[in-house]
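Quick mapping for you: the protein sequence lines, in order, are chains S and U. Residues in the first sequence are numbered from 1 upward in steps of one, following my numbering. Residues in the second sequence are numbered from 1001 upward in steps of one, following my numbering.
Where hints are given, some of them may not hold.
What the hints assert, rightly or not - If we take Cβ atoms under 8 Å as the criterion, some of the chain S residues that face chain U in the derived model are:
# : residue
1 : T121
2 : D125
3 : V129
4 : S130
5 : G131
6 : T132
7 : N170
Rather than coming from a laboratory, the hints here were simulated on the basis of the structure. Please read all numbers here as calculations on a predicted model, not as lab measurements. All C-beta atoms, glycine included, are put in the ideal place defined by N, C-alpha and C.
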Amino acid sequence: MDNQQTGFKHFVEEVGNISAFTWKFIKAFFNRKQEWKEIIRQCYIIGYQSMPLVGITAFIMGLVLTVQSRPTLEEFGAVSYLPAMVALSMVREIGPVVTALICAGKIGSSIGAELGSMRVTEQIDAMEVSGTNPFRYLVVTRVTACIFMLPVLVVVADGISLYASYLGVNLKGVLTWNLYYHQVFESLSFSDILPAYIKTYFFGLAIGIIGCYKGYYSNKGTEGVGIAANSAVVVSSLVVFIMDLIAVQIADMLGYT
Amino acid sequence: MKEETVVVTQNLVKSFGSNHVLKGFNMELHKGENLVVLGKSGSGKSVLIKCMVGLLYPDNGSVKVFGQEVSDLTVHEMDELRTRIGFLFQSSALYDSMTVRENLEFPLKRHHPKLNQKEVDDLVMEALANVGLERAVDLMPSELSGGMRKRIGLARTLILKPEIMLYDEPTTGLDPVTSREISELILEVQNNYKTSSIIITHDMDCARTVANRVIILINGERYAMGTFDELMNSDDPQLKPFFAAL
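Pulled out of the complex, with its shape left as it was, chain U reads as follows (with noise of 0.2 Å):
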């Protein structure tokens, strides 16, 4: 049986100037998957997923989402389909003047503005039980550590169910304890949300962690393609120096 696709791109195209990052670059996400994508650094892999999502546009091709071209969308369609993708930033990029309450509010009550303030609670309180973060509720984001950020990130992006997670190199400047915390906590929400997920990375243990599936970006294209352990016997030598820290 064919499996269904929530994110498919096709000769992806995007520049910056003279720098030509994604060179007709072409991927399927299926419903339920968690997809890594491994590269070097300025490769790319930030500019794909920012593509899906309409921070970016793509110089050429197509981006699908749900089946809807991302270039084509009015803003109001575009904040819709928002709505159905959460997105985990690299820096968190949680709002440093409001509470770890008030940042998941803020997505929370402009969604759902009919909820009554138990309701929203509630939620509030469900979302950091989820990553295990209960006691922050009232903190502000500077007395959190990086971990802590990355997993209040998680919880605002989580509280509004979305169907598609985006992870931008989630275990970037963490130890080796704290990565390996939010590797599981992408499995969790892959088996707890039934989410598809990309996850950008260059943190191979985080790969082989919560990959279903593996894509190496390399010169803008897709190089290779395949399960985690597929790849890492390969032979061939543009795959070898991904893998050589195992």
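Isolated chain S, as found in the complex (with noise of 0.2 Å):
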């Protein structure tokens, strides 16, 4: 009963403690003083380098999907609605779920562990006393960094996976790529692709914040930097996922169904 009581306490403690640190995050962001060329750097590092693990996942994914659904469609004579069924579950669900989960893996960690690794060998504190606004400079910047690109990223995931999809359909088929093209888009409207594309900003914020919360508040030691890099990728997955749940019910309460 102990165990179950501090393991809840530490919970809410934890809650508490990233709502806190999100505020501030949201108060330092709307501040006039930004860090643009850090957060331009922190741009490149996090969007355009995430983009071959992000567009081949997305490459897989479209094929296999399409492959994987030719079966059922074809016990239904419902072959021709291939293209506008991977067209749906790729924009609405899986391209901006799966790319999220990619990069809480590959940016929640390295975020985590660069941080971790800055607190425990004293470079965020050496930041502070030179007069540099460690949080703006360190945080700020790779939240904001992670809110903008990966939109970026579901979107390239999203066409990568479409066209992967196209090359799955032509595997056992023959389809034109204008016709192909002209179902994709048949299919989608504006209620499918406008929630899925506002909730990549939050996924954004969710693996940011996880993220840096996680290293700037990391334990002393090098045992805390692994534990920081490990935790930040577990908390924003979940959180990730949780996110995704309540996207769907604000969605489907506002008629985006």
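Now that you have both chains on their own, put them together as the hints suggest.
The following block contains the structure:
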């Protein structure tokens, strides 16, 4: 019972601390003074350098989903719906969530480890005593880059997976690019794209905030760096799923179904 | 004539949970002097200097730097104050994703944004020349030895020409020859930059070389104060162990 109470207390404390950290970020985000050069550098690292991993994963997802869905649709004589089905699945759900999970693994762990290592080696303290605000320089820049870059990565992933799906359709059939393109965009509506796109900003916020929080407040010692990197991935992946669940409910309430 | 004081602590109290580290510590740092604080590991020496730059805040008592109460300063005032204080960390705390040049440019460009690149380069080379490491300008911190890292850390601090220097165990982990070089460098900094310094150490050779005054910290309080020779020649049994190796 004591262990359960301690665990629950720790959970509540952690939620409170992350909320306070998020609020501190929001206040700093709307501050006039920003580290634009560092934000652009982080956008390059977080966005551009994640493209190969996101691209390869999206290609495989699009291809596999198409190839594996074909037999089921064939049973009902509905193979012609394959492009529409893949497009809806990818754009509404799989693209944003899987891209966010990949980023939680790649970006979340990298931010957690980097800031954790800086904390352990007193680099964050050194920055603070030199009169530079480390929260603004290290945290605001990384979280902002995550917020801006995750939607870009999701759009790229959606595009690549749809192209892979086109190749998948043509493995066992013949469909021109124009017809495929027409079928995809015929099936997609504004209400499919908008909620899926908006939630990616929140996924970016969650990945950035949790990675930074875990690293920024990592305990002293090299073990703390490992724990920071690991827990950044675990917690941000979990938060992505929870946010997705909430986003689906909100979209449903607003009639975006 | 009364000496000008730049740092004053009064009844400084700091605890971490049930661990009471500082229990009413008092001290004054006079302008232009090197003050060495000696104490066992975990006695609160580093906590003391971290309270002076706002990295930690005391639970009770007062820390005044240049007459300003550190706890009462706004974020902006604190940043202003920090530009007048240099802090050499035990681990040197070089930014390991930046070259030596970028490490030195980092504080300079942020506090003097109007300097052109030529002026920045000149100041970087001057700071490196003062610690005898011009050749390391384009190296990464991972390519430097322990002693070189300490020197670069010192150069990065000195580039803003601080009035107060706080050294957190500057010779820990270094061989005796390099320790001696760092101690001499601390004296050079005092003479060339006219800084007032607090040196936290348990290296008695370093303390003997650099100290104008020494404070012994025992059980979170100032136990003794005086010149190095006065304390070394004291008959106090609590002080004897500090000087036993000499």
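query: Any of the earlier hints contradicted here, and which numbers?
result: 7
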